[in-house]
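**Student:** Please build the complete structure, drawing on both the sequences and the hints.
Chains as they are written, first to last, in this note's numbering: chain A, 1 to 500; chain B, 501 to 990.
Calculated directly from the structure, the hints in this document are not laboratory data. Quick reminder that beta carbons are idealized off the backbone N, C-alpha and C, glycines included. Some clues are possibly wrong.
[As the list claims (entries may be wrong)] Pairs of lysine-lysine, BS3-like flavour, derived with a Cα cap of 30 Å:
1) A:Lys284 <-> B:Lys752
2) B:Lys536 <-> A:Lys394
3) A:Lys357 <-> B:Lys580
4) A:Lys346 <-> B:Lys539
5) B:Lys766 <-> A:Lys90
6) A:Lys357 <-> B:Lys575
7) B:Lys940 <-> B:Lys841
8) B:Lys536 <-> A:Lys284
9) B:Lys940 <-> A:Lys139
10) B:Lys538 <-> A:Lys284
11) B:Lys536 <-> A:Lys90
12) A:Lys394 <-> B:Lys655
13) A:Lys90 <-> B:Lys609
14) A:Lys90 <-> B:Lys575
15) A:Lys422 <-> B:Lys766
16) A:Lys422 <-> B:Lys904
17) B:Lys752 <-> A:Lys90
18) A:Lys139 <-> B:Lys575
19) B:Lys539 <-> A:Lys357
[To be verified] Computed footprint of chain B on chain A; a stretch qualifies when at least three of its residues, placed anywhere within it, have a C-beta under 8 Å from a C-beta of chain B:
20) 321-335
21) 350-357
22) 386-399
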Amino acid sequence: MASSIPLASIQLNSATISFDDRFTLSEVDWTIEPDQHWVITGANGSGKSALAATLAGIGDIEAGSIEGLPERVGLVSFEAQAELIAAELKKDDADIMDVVSLGTPVREMIFDYCRDVELAEELVEKFGLAPLLERAFRKLSTGETRKVMLVRALANEPALLILDEPFDGLDVDTLAMLQAHLAAIVDHVPMVLVLNRFDEMPDFITHVAYLDKGRLAPAQGGRKRGDEQRGEKGRLAFTVDRKDEAAFNELYQLLHLKTTDLNVPEADPASRLPALDPGQPLVKLTQATIRYGDTLIVDRLDWTIERGQHWQLSGPNGSGKTCVLSLITGDHPQCYTNDIFVFGFKRGSGESIWQIKQFIGYVSTALQWEYRVSTSCKNVVISGFYDSIGVYTKATDQQKRVADQWLELLGMSARADQPFNKLSYGDQRLLLIARAMVKHPPLLILDEPCLGLDDMNRQLVLALIEKICEGGETTVLYVNHHTEDRIKEIDNHLTLEKHH
Amino acid sequence: MANYFNTLSLREQLEQLAKCRFMYSSEFADGVDALKGKKMVVIGCGAQGLNQGLNLRDSGLDVAYALRPDAIEQKRQSWKNATENGFTVGTYEELIPTADVVLNLTPDKQHTAVVNAVMPLMKEGACLSYSHGFNIVEEGMKIRDDLTVIMVAPKCPGSEVRAEYVRGFGVPTLIAVHEANDPKGEGLALAKAYAVGTGGHKAGVLMSSFIAEVKSDLMGEQTILCGMLQTGSILCFDKMIEEGIEPGYASKLIQYGWENITEALKYGGVTNMLDRLSNPAKIKAFDLAEELKDIMRPLYNKHQDDIMSGHFSRTMMEDWANDDANLHKWRAETAETNFEKTPAGDVEISEQEYFDNGILMVAMVKAGVELAFETMTAAGIIAESAYYESLHETPLIANTIARKKLYEMNATISDTAEYGCYLYNHACVPLLADFMKGIKSDVIGKGLEVDDNGVDNARLIDVNEALRSHPVEAVGAVLRGHMADMKKIV
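**Tutor:** As structure tokens, this is what we get:
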């Protein structure tokens with residue numbers, strides 16, 4: 001291990017940091033000592049990722065100061081991941097030359113970047129990335145992309161590791177491997193983790209910072225606790241030493257607020273779908289196979305989804321979960337070379353993709369990446385009626401009313417007209433979940449819906465899914481890694497194996 | 501083969517040039533019905549070929565790809581593009597005889613060879629589709645009488661054609677029917693269905709003619725779109741260096757300047773672009789543009805005349821036959837210009853600064869757009885076509901310069917555009933030599949040195965009136981209105 005603990009502490013002194021016009025962290029006082037490992041937590045939109053990114057030198061310091069930031073920081077976050085993907089897609093635009101660009105291979109993404117080549121090779125093996133080295137980075141699945149990000153951060157001899165939701169989207173084996181690796185390097189690198197779930201907090205974490213609306217804030221209750229400091233302008237900074245059990249538990253409670261009286265907004269009666277034949281299954285895949293070149297992703301899968309039969313789909317990263325889903329949604333080009341029957345259509349028999357999509361509500365990380373249009377939060381919900389990214393048709397008043405009800409449910413009414421792309425990752429995710437549910441689709445596909453959500457919103461989303469399962473109109477197809485996120489109504493399970 | 505345009509009477513020529521109409525949504529009520537159940541075979545699997553094919557298939561149509569045997573045997577990229585996306589791929593001999601519609605999506609230069617290979621294999625009464633009319637109009641390719649010939653041209657790069665479709669939208673698309681080849685009168689129905697299949701009908705479809713498309717496209721691309729931006733880049737950069745501006749700054753101001761200022765053009769035409777300047781700077785830009793228009797008008801006329809007479813395409817085809825000797829020479833020369841060789845500096849330039857310090861660039865865009873528009877309409881091209889091939893496309897080309905300078909622009913545009921761009925540049929740089937002698941860093945590099953922004957009221961009113969009453973602004977307002985209605989979100 002070549003990197004060594006920096007001697008100096010990192011200090012934020014009444015620092016106000018802005019991120020374009022998206023977000024501002026206000027007057028943060030915070031000290032990270034070289035031998036400390038921190039978790040940053042707080043509600044969605046509270047600024048957790050922004051605070052973490054600050055340590056990587058991102059954001060403009062408007063007031064105060066930040067001292068002691070090391071030069072080489074390893075950063076893994078959804079934002080950084082999305083940025084890398086966006087950069088790759090931008091290269092793709094170069095195809096005005098009428099050449100279809102192939103994108104940067106994983107090998108280049110890792111080995112042209114990492115300083116510690118040996119460690120990079122070791123991690124590539126451990127994370128199972130070896131067979132993917134020649135694949136284009138942008139062709140990887142969400143989880144695989146994440147692993148590449150992790151290798152890049154870990155093997156670049158960082159003087160500080162910033163891991164924003166590092167465990168989300170990883171399968172069980174990889175998760176264990178990563179946690180073991182982190183535990184092994186605690187004495188060499190200080191770490192700052194952003195975690196939405198307390199139950200994922202590694203043992204080596206020494207301190208917790210709780211953020212509220214862009215400030216390091218006190219938990220409610222008023223009792224002086226932890227390492228409470230009063231900033232010069234009277235703002236409070238709230239951090240907890242893990243050894244302080246009382247303060248720690250109070251924070252845990254705060255993040256476990258339950259929602260009550262949950263009602264799913266009605267569908268729009270005017271947006272009626274064509275009737276489906278009740279005697280036919282919603283989906284029937286026969287010997288479904290997906291391959292890229294010589295790589296087999298899905299091997300002869302038979303799968304029938306009957307109406308009202310809720311399914312959970314699981315499997316390790318790269319086992320083709322998202323691929324299988326996109327065969328159903330019609331987003332995978334190989335849906336035309338397989339024997340697929342959906343909503344009464346045999347795929348490739350002259351149906352259009354919009355005739356399929358009208359029956360489906362869908363949310364996934366890939367969708368969130370693709371949702372790159374400048375539009376308002378409300379329109380994102382409304383776009384669920386049209387299965388579009390952005391809205392290109394005049395919405396009816398009734399559709400707008402339904403969208404308002406969803407915004408209310410998510411506590412986002414005040415932000416209805418704000419631009420979607422300025423929201424935090426977690427808030428965007430909530431809106432996309434509403435978008436998927438808004439029309440009460442016959443088939444609701446939720447591909448790791450809780451990625452990036454804090455504990456409270458995760459509870460909200462899980463409760464919504466349960467309600468929708470109970471409602472009877474919608475069949476739910478649910479992908480997740482976390483065993484504790486099981487939905488009680490879902491009793492059918494399909495586990496995919498990895499083939500490469 | 502004789503130039504087709506030149507075989508027509510003047511009356512017919514004018515009639516064809518005047519074709520261009522923005523179509524109503526209601527005209528697409530039949531969707532893809534005219535193509536339902538028909539076999540569509542795409543030739544060429546580059547970005548346009550692949551992405552159009554993906555859209556058409558997702559619209560419920562039957563699409564396959566015909567490639568040359570060596571592309572299949574060697575598993576070239578085009579073969580991979582098609583097979584990995586689950587399309588049927590075969591040779592011309594295997595697939596063309598089964599096709600109801602053959603989509604020729606190869607580069608212009610290959611058209612004669614491709615069409616000669618494909619035509620004998622096509623079945624009686626089938627349809628041949630182009631995305632550019634050069635082969636028919638300029639090369640005079642004669643298509644078998646029983647075949648229907650149409651054009652469907654999405655006005656965006658292939659990746660965008662796909663990305664917009666997947667979002668549930670589309671890109672503006674031009675369609676046309678070659679009237680000499682419409683034996684069953686079904687050309688328009690097929691072209692409309694094709695436009696629906698690629699999603700174009702959601703973003704706006706222009707009904708044009710092969711001739712109007714070719715003559716306006718050639719004129720636009722070689723003058724304002726590529727030629728003017730290339731000449732402007734070279735002259736503005738050299739002037740800034742001469743005036744002692746830091747080279748990195750000068751390089752960046754130009755590389756990203758075209759994109760920034762033409763973004764304003766895209767939203768609100770020439771008027772809005774000039775309105776982004778302070779009043780004294782606006783008047784300055786206006787005066788410079790007037791001067792530029794006077795100097796460059798004979799050059800624009802010459803380009804338009806050479807395009808109309810067929811002189812341009814004839815000389816270019818001679819260069820094709822000569823292994824592109826001129827093209828390669830000019831391409832190498834462009835790579836050696838100071839602007840091209842100086843990387844953009846690591847300096848912050850705000851969006852407004854691109855206007856304030858790039859007054860001459862604004863003037864050049866204004867002069868080029870208006871001249872191209874005036875010249876095209878004076879030659880009988882209808883205002884709608886002239887608008888699309890001048891003002892509308894300028895920001896698209898400016899984006900390519902922002903990516904990787906002139907190299908990227910010239911690599912990105914068609915061979916025809918690149919050839920015309922160099923022709924223009926060779927004539928325009930010396931033409932502006934005297935004009936450039938009078939230019940100082942106040943209009944390029946530093947911004948006006950004024951104590952306050954006061955101007956004479958009467959003069960400002962005159963300038964604003966002149967800007968707003970130019971015919972390109974009138975037609976632009978209407979067409980941008982149509983597009984905005986469609987794109988506008990709720």
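**Student:** Now look at each hint and say whether the structure bears it out.
**Tutor:** Here's how the hints hold up against the structure:
1. A:Lys284 <-> B:Lys752: The given pair, whose Cα atoms are some 56 Å apart, is violated under the 30 Å limit.
2. B:Lys536 <-> A:Lys394: holds (28 Å)
3. A:Lys357 <-> B:Lys580: holds (27 Å)
4. A:Lys346 <-> B:Lys539: holds (18 Å)
5. B:Lys766 <-> A:Lys90: holds (21 Å)
6. A:Lys357 <-> B:Lys575: Roughly 34 Å between the alpha carbons, so the hint for Lys357 of chain A and Lys575 of chain B is violated.
7. B:Lys940 <-> B:Lys841: holds (23 Å)
8. B:Lys536 <-> A:Lys284: holds (25 Å)
9. B:Lys940 <-> A:Lys139: violated (50 Å)
10. B:Lys538 <-> A:Lys284: With a Cα-Cα distance of about 27 Å, the restraint between Lys538 of chain B and Lys284 of chain A holds, given a limit of 30 Å.
11. B:Lys536 <-> A:Lys90: violated (34 Å)
12. A:Lys394 <-> B:Lys655: holds (25 Å)
13. A:Lys90 <-> B:Lys609: holds (28 Å)
14. A:Lys90 <-> B:Lys575: Roughly 26 Å separates the two Cα atoms, so the pair holds.
15. A:Lys422 <-> B:Lys766: holds (24 Å)
16. A:Lys422 <-> B:Lys904: holds (29 Å)
17. B:Lys752 <-> A:Lys90: holds (20 Å)
18. A:Lys139 <-> B:Lys575: holds (20 Å)
19. B:Lys539 <-> A:Lys357: holds (24 Å)
20. 321-335: Our answer is that it holds, as 5 residues pass the Cβ test (under 8 Å) against chain B, meeting three.
21. 350-357: Per the Cβ count (6), the hint holds.
22. 386-399: n = 9 at 8 Å, threshold three: holds.
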